[in-house]
Amino acid sequence: MITAERKPLDEIFEMLEPYQRIAVLGCGTCVTVCMAGGQKEAEELAVAISIHRKKEKKEVSVEAFTIERQCEFEMIDQVAERLKGFDVVLSLACGVGVQTLVEHMPELIVLPGLNTMSMGYPVEQGVWVERCLGCGDCVLHLTQGICPITRCAKSLLNGPCGGSADGKCEISKDVDCAWHLIHDRLQKLGKLNVLEEIQPPKDWSSSHHGGPRTLVREDVRLESGK
Amino acid sequence: MKAGSNLEKVISSGQFAVTGELGPPKSADVSMIKEHGETMRDYVDAFNITDNQTAIVRTSSIGVAGVLLQMGLEPVVQMTVRDRNRIALQGDLLGAVAMGVKNVLCLSGDHQMFGNEPASKGVYDIDSMQLLKAFKDIRDEGKFIGGDDVEAPLSVYLGAVANPFADPFEYRVDRLEKKIAAGASFIQTQCIFDLERFKRWMELVRERGLHKKVAILGGVTPIKSLGAARYMKNFVSGITIPDELIERMKGAEKKKEEGLKIAIETIKQLKEIEGVAGVHVMAIAWEEVVPEIVERAGLYPRPKLS
Ligand code: SF4
Ligand code: SF4
Numbered sequence: 001m002i003t004a005e006r007k008p009l010d011e012i013f014e015m016l017e018p019y020q021r022i023a024v025l026g027c028g029t030c031v032t033v034c035m036a037g038g039q040k041e042a043e044e045l046a047v048a049i050s051i052h053r054k055k056e057k058k059e060v061s062v063e064a065f066t067i068e069r070q071c072e073f074e075m076i077d078q079v080a081e082r083l084k085g086f087d088v089v090l091s092l093a094c095g096v097g098v099q100t101l102v103e104h105m106p107e108l109i110v111l112p113g114l115n116t117m118s119m120g121y122p123v124e125q126g127v128w129v130e131r132c133l134g135c136g137d138c139v140l141h142l143t144q145g146i147c148p149i150t151r152c153a154k155s156l157l158n159g160p161c162g163g164s165a166d167g168k169c170e171i172s173k174d175v176d177c178a179w180h181l182i183h184d185r186l187q188k189l190g191k192l193n194v195l196e197e198i199q200p201p202k203d204w205s206s207s208h209h210g211g212p213r214t215l216v217r218e219d220v221r222l223e224s225g226k
Numbered sequence: 227m228k229a230g231s232n233l234e235k236v237i238s239s240g241q242f243a244v245t246g247e248l249g250p251p252k253s254a255d256v257s258m259i260k261e262h263g264e265t266m267r268d269y270v271d272a273f274n275i276t277d278n279q280t281a282i283v284r285t286s287s288i289g290v291a292g293v294l295l296q297m298g299l300e301p302v303v304q305m306t307v308r309d310r311n312r313i314a315l316q317g318d319l320l321g322a323v324a325m326g327v328k329n330v331l332c333l334s335g336d337h338q339m340f341g342n343e344p345a346s347k348g349v350y351d352i353d354s355m356q357l358l359k360a361f362k363d364i365r366d367e368g369k370f371i372g373g374d375d376v377e378a379p380l381s382v383y384l385g386a387v388a389n390p391f392a393d394p395f396e397y398r399v400d401r402l403e404k405k406i407a408a409g410a411s412f413i414q415t416q417c418i419f420d421l422e423r424f425k426r427w428m429e430l431v432r433e434r435g436l437h438k439k440v441a442i443l444g445g446v447t448p449i450k451s452l453g454a455a456r457y458m459k460n461f462v463s464g465i466t467i468p469d470e471l472i473e474r475m476k477g478a479e480k481k482k483e484e485g486l487k488i489a490i491e492t493i494k495q496l497k498e499i500e501g502v503a504g505v506h507v508m509a510i511a512w513e514e515v516v517p518e519i520v521e522r523a524g525l526y527p528r529p530k531l532s
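Chains A and B supply the protein sequences, listed in that same order. If you count the first sequence from 1, position 157 lands on 157 in the numbering used here, and the numbers rise without skipping. If you count the second sequence from 1, position 25 lands on 251 in the numbering used here, and the numbers rise without skipping.
Rather than coming from a laboratory, the hints here were simulated on the basis of the structure. We treat Cβ as the ideally placed atom computed from N, Cα and C, and that holds for glycine. Wrong hints could be hidden among the right ones.
As the list claims (entries may be wrong) - Covered by chain A, according to a simulated footprint, are these stretches of chain B (three or more residues, beta-carbon under 8 Å):
(1) 353–361
(2) 396–407
Unchecked claim - Using C-beta positions, here's what the derived DEER-type ranges look like:
(3) B:G326 to A:S205: 31 to 37 Å
(4) B:F395 to A:M119: 32 to 38 Å
(5) B:E396 to A:G134: 30 to 36 Å
(6) B:S253 to A:E218: 55 to 61 Å
Chain A with its partners taken away, still in its complex shape (with noise of 0.2 Å):
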């Protein structure tokens, strides 16, 4: 999932400013489950843009609802004319969703309510942990399952730097080296000749370093070479 979290109030209080009619739009999905931006998150940011309204003694009318994804133009058009009434729109998306919301509907004011922080999962309520950057050419059979590009504060590809100790990276005594745990699991399997071959260069071109990717499925398209 992507993990998110709400920018700071006073941000968002600043950011808002020039408008007065607000919708606060929620994304049912992976901000839900994260509990940045789902309706429930929705609803609590809409109720503390008021106060602060009040405080200011300006006027505003505010109102949250949500969709299921704002990253699909299908779900987007189930409240594409409700959106139209506002003068701008604080999305508690992900930046899919905001950009999503902003090329299928480029009339309308959007704005970001959340940082966007990684592809991740929860390991336990209320942590979410970093997993994957997308660099478009997994390694994860050669590290047995555990992603040096993204766990690995270097991205090393050729095992543990000289500033791994007693498990943790030499960033943060917080953090698990990477290299550390992909050493143990591939001991563990019998497999730790990985180790031995020199892994080469990463081609970086298939992640964001080539560009900004598209990824094109002819054999799912609607209309072929379109």
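Could you slot chain B with the ligands onto chain A? The hints should help.
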């Protein structure tokens, strides 16, 4: 001979090598570098120049190497993969060699969060292993990483670092072996304070005969004060300092002399370990004691090889 540097010659002659280290300043005024270079001139075989050490912005290692070359001193240019991608790293190798640099040390580099630009983007396009291999391929195969031809041959003596004190311990010897395969001719280790652990590591190194394939220079850092020891123990990534050593410093009346003694004893012990080809003396911010250490450790005069 890979490049015929003084360091390479000393090592190939089988004599115990001594390298020193110079940390570039946070300014373009390199007078201190020159001064320290002069102080150590006759006492070390080559000078490592750190590359924005601990991620702090400093005069570039290649720039300072140029200054040393003008003084007739031999640099070992350190290159980390933290701040440059493969285009810049390969280009800088060519530039360094064109300037007269013969020794290059490849390393990962401390994470950018440790330095004075913690908001910077870490590059890590390639890792230190891949950097070594790339430089070896440029030299031996005449090929850049991307497969393009290097238009004229070049020679360079390549080194890498090893940290016997990092974890997982057993893996550290595998990693050394991998670095040799990737192209390292010499190795400089992390500062050795825990000699017992270093000896255990060397045992594993000898078991695999790796000491015959690569010249291992043991890292030695004189401790200037109790505070310095504690700081290194707690805050410098990759360094371990045993409690006994801290206690010894604590109990000593003359801290500086004790620190020197420890360093000299360490060097003397390293000389006795089979497979140790030299020492790398890192006396950053205490450069002036290097001549005394080298002399008292019985490593002076340095060999003059042509
Ligand atoms: S290797 Fe790439 S695709 Fe695979 S988990 Fe890591 S970042 Fe994601
Ligand atoms: S300590 Fe481990 S996780 Fe951290 S940078 Fe080094 S190898 Fe990567």
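Hints, verified against the model:
1. Only when three residues or more bring their CB closer than 8 Å to a CB of chain A does the claim for the stretch 353–361 of chain B stand; here the count is 6, and the claim holds.
2. A count of 6 residues in the stretch 396–407 of chain B with a Cβ less than 8 Å from any Cβ of chain A is obtained; the coverage claim is therefore met, three being the minimum.
3. Between G326 (chain B) and S205 (chain A) the Cβ separation comes to about 35 Å, which falls inside the hinted range of 31 to 37 Å.
4. Between F395 (chain B) and M119 (chain A) the beta carbons are some 33 Å apart, a value that agrees with the proposed interval 32 to 38 Å.
5. Roughly 34 Å separates the CB atoms of E396 (chain B) and G134 (chain A), a value that falls within the hinted 30 to 36 Å.
6. For the pair S253 (chain B) and E218 (chain A), the beta carbons lie near 58 Å from each other, so the given range of 55 to 61 Å is met.
When the structure is compared with the earlier hints, no violation turns up for any of them.
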